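Starting from the known structure of chain A, arrange chain B on it as the hints suggest.
Those protein sequence lines, which keep their order, are chains A and B.
In this text, residue positions in the first sequence follow my numbering: the first is 1, and each later residue adds one.
In this text, residue positions in the second sequence follow my numbering: the first is 314, and each later residue adds one.
If you are wondering where the hints come from, they were derived from the structure by calculation, not from laboratory data.
Keep in mind that this is a model prediction, so the values were computed, not measured.
In silico DSS-like pairs for lysine-lysine, Cα to Cα no more than 25 Å straight-line: (1) Lys215(A) to Lys387(B); (2) Lys387(B) to Lys526(B); (3) Lys33(A) to Lys387(B); (4) Lys368(B) to Lys422(B); (5) Lys496(B) to Lys422(B); (6) Lys457(B) to Lys337(B); (7) Lys320(B) to Lys33(A); (8) Lys271(A) to Lys140(A); (9) Lys271(A) to Lys526(B); (10) Lys500(B) to Lys422(B); (11) Lys462(B) to Lys337(B); (12) Lys424(B) to Lys485(B); (13) Lys462(B) to Lys526(B); (14) Lys140(A) to Lys457(B); (15) Lys321(B) to Lys387(B); (16) Lys321(B) to Lys33(A); (17) Lys338(B) to Lys457(B); (18) Lys140(A) to Lys526(B); (19) Lys321(B) to Lys526(B); (20) Lys526(B) to Lys457(B); (21) Lys387(B) to Lys320(B); (22) Lys422(B) to Lys485(B); (23) Lys387(B) to Lys216(A); (24) Lys485(B) to Lys496(B).
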Amino acid sequence: MTSLLGGIFLGWSLGANSAANVFGTAVTSRMVKFWTAAILASSFVLAGALLGGQSGIETLKGLTHFTSNQAIIASIAAACTVTIMTLLGLPVSTSQAVVGAILGVGILNRQLNFAGLGKVVVCWVGTPVGGMVLAIIVYKLLAAVANSMNLNIFQSDILLRLCLIIAGSYGAYALGANNVANVTAVFVGAGMLSASAAALIGGLSIGLGILTFSKKVMETVGQKLVRLDPFSALAVVLAQAITVHIYALVGVPVSTSQAVIGAVLGVGIIKGVNTIQRRTLVHILLAWFLTPFVASVFALSLDFATHLRYIPG
Amino acid sequence: MFKLLFKKERQVQELIFGYLDNLKKTQEHFEQAMDCYFDFGLGENCDFLIAQTHKFESRADDIRNDIVEMMYSKVLIPESRGDIFRLLESIDLIPNHFEAVLFMVQSQKIKIPDFIVPSIREFMRVSLECCDLVIRQVDAYFNKTEDIKALVSTIDSHESRCDHMEREIVSKIFDADMDPFEKMQLKELVAQMGEIADQADRVSRSVYIINIKRRV
Numbered sequence: 001m002t003s004l005l006g007g008i009f010l011g012w013s014l015g016a017n018s019a020a021n022v023f024g025t026a027v028t029s030r031m032v033k034f035w036t037a038a039i040l041a042s043s044f045v046l047a048g049a050l051l052g053g054q055s056g057i058e059t060l061k062g063l064t065h066f067t068s069n070q071a072i073i074a075s076i077a078a079a080c081t082v083t084i085m086t087l088l089g090l091p092v093s094t095s096q097a098v099v100g101a102i103l104g105v106g107i108l109n110r111q112l113n114f115a116g117l118g119k120v121v122v123c124w125v126g127t128p129v130g131g132m133v134l135a136i137i138v139y140k141l142l143a144a145v146a147n148s149m150n151l152n153i154f155q156s157d158i159l160l161r162l163c164l165i166i167a168g169s170y171g172a173y174a175l176g177a178n179n180v181a182n183v184t185a186v187f188v189g190a191g192m193l194s195a196s197a198a199a200l201i202g203g204l205s206i207g208l209g210i211l212t213f214s215k216k217v218m219e220t221v222g223q224k225l226v227r228l229d230p231f232s233a234l235a236v237v238l239a240q241a242i243t244v245h246i247y248a249l250v251g252v253p254v255s256t257s258q259a260v261i262g263a264v265l266g267v268g269i270i271k272g273v274n275t276i277q278r279r280t281l282v283h284i285l286l287a288w289f290l291t292p293f294v295a296s297v298f299a300l301s302l303d304f305a306t307h308l309r310y311i312p313g
Numbered sequence: 314m315f316k317l318l319f320k321k322e323r324q325v326q327e328l329i330f331g332y333l334d335n336l337k338k339t340q341e342h343f344e345q346a347m348d349c350y351f352d353f354g355l356g357e358n359c360d361f362l363i364a365q366t367h368k369f370e371s372r373a374d375d376i377r378n379d380i381v382e383m384m385y386s387k388v389l390i391p392e393s394r395g396d397i398f399r400l401l402e403s404i405d406l407i408p409n410h411f412e413a414v415l416f417m418v419q420s421q422k423i424k425i426p427d428f429i430v431p432s433i434r435e436f437m438r439v440s441l442e443c444c445d446l447v448i449r450q451v452d453a454y455f456n457k458t459e460d461i462k463a464l465v466s467t468i469d470s471h472e473s474r475c476d477h478m479e480r481e482i483v484s485k486i487f488d489a490d491m492d493p494f495e496k497m498q499l500k501e502l503v504a505q506m507g508e509i510a511d512q513a514d515r516v517s518r519s520v521y522i523i524n525i526k527r528r529v
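With the rest of the complex left out, here is chain A:
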């Protein structure tokens, strides 16, 4: 069990970081209370991990063949990277941290599956673009529906709040289904866990991270990038959830952060590009590039350190 602590730590940091992507916009636009969001998100993440997390686990475990020690090192390195980024309040990609860590360990041990890696990296690029395109489509569709309904202020508020809760819960489900592989796939690859046990442990640890440490990143996603009105928040959450769910079905773990930021940019394009705070965007982009690099260096250093032997002089 102690050997899984690295994975649990990674799941916790993923939950702390990624819950913002499904409920951050709703919470910061004050449509949903933080605790309502946190409880719903953690429950649906667990459901998503258990019901739809298997295919992502299969993809990620195929990237390399680790021993149990290497699996622990990779997960600890990824967890440390995500935690540092979370403490800095930056919504980073856990997928990038995990792949960076796998790369770090793989480089030192010369065991990498470049074909699988290529597929994952292509999806990294496709995620924000997909989020952006889907956000534009979802926004226009929802706007057409909303404008055709003759609702008064009370009815539209109630409907909007319900839709945000439903979309957020769907987003949490997609997050669990897609991202649980990031947390425990390496242990399945190392033969330490079965796929269903990995989904359960991963889902629980992500849920714990959401409940205990997700508030700060929620504030970054919802407030610092674009000031979102409640309707835009709904479009963003829904577009992000659909994007991540599609990748969960394909079986490639992607970043919910990249999907949500793509979606926020999509809404920004509809509402006028000036609403985007470029400085924050630059910081987030920097974090994206730094994450795999830092995780890789962490993993490489840890793996190297475990191979050092004390030779008495």
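Just chain B now, kept in the frame of chain A:
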């Protein structure tokens, strides 16, 4: 279950309709007080009606405070709360103007010369019609029963008519052979009366803006 979940929203909605009913009553008493003043001058009856108008105006403040208190106990989304709060603040200025006109007449013992009474009565009638339309418009906004844009233009044309009438009355006052102090006093009263239609027009525009702001 659904009704139970959004009980507070329904309560706010009921309070807003209660506020509008109270506004109608304030307006009715103001109208009666003005009629009494035009027909019989200041006296016991008029004082009673002025006191009644004040009573309903105070009740409007109480209802508004209840609405604000309930809204800020996490009912509605913040944008909607802000919109409703600003709208109520704006509507609430209408009964304040009713009261100001009555208090001015009562405390300054103003006597309106006969030659401008018909014009002022007509001026008041059109101003109060503006208020009726605004109440209808606000009700339509919360119930989605009528075209808000059409009401905005009707209220706007009424308000323009009121402005025109106000200028005519002031002109008549200054053309007349009267004590300059009385002229200034009457001018001030007419200007205060003119505020009723002006405020109704401002409320109407706010409703229109809030309504289009919510379109996506």
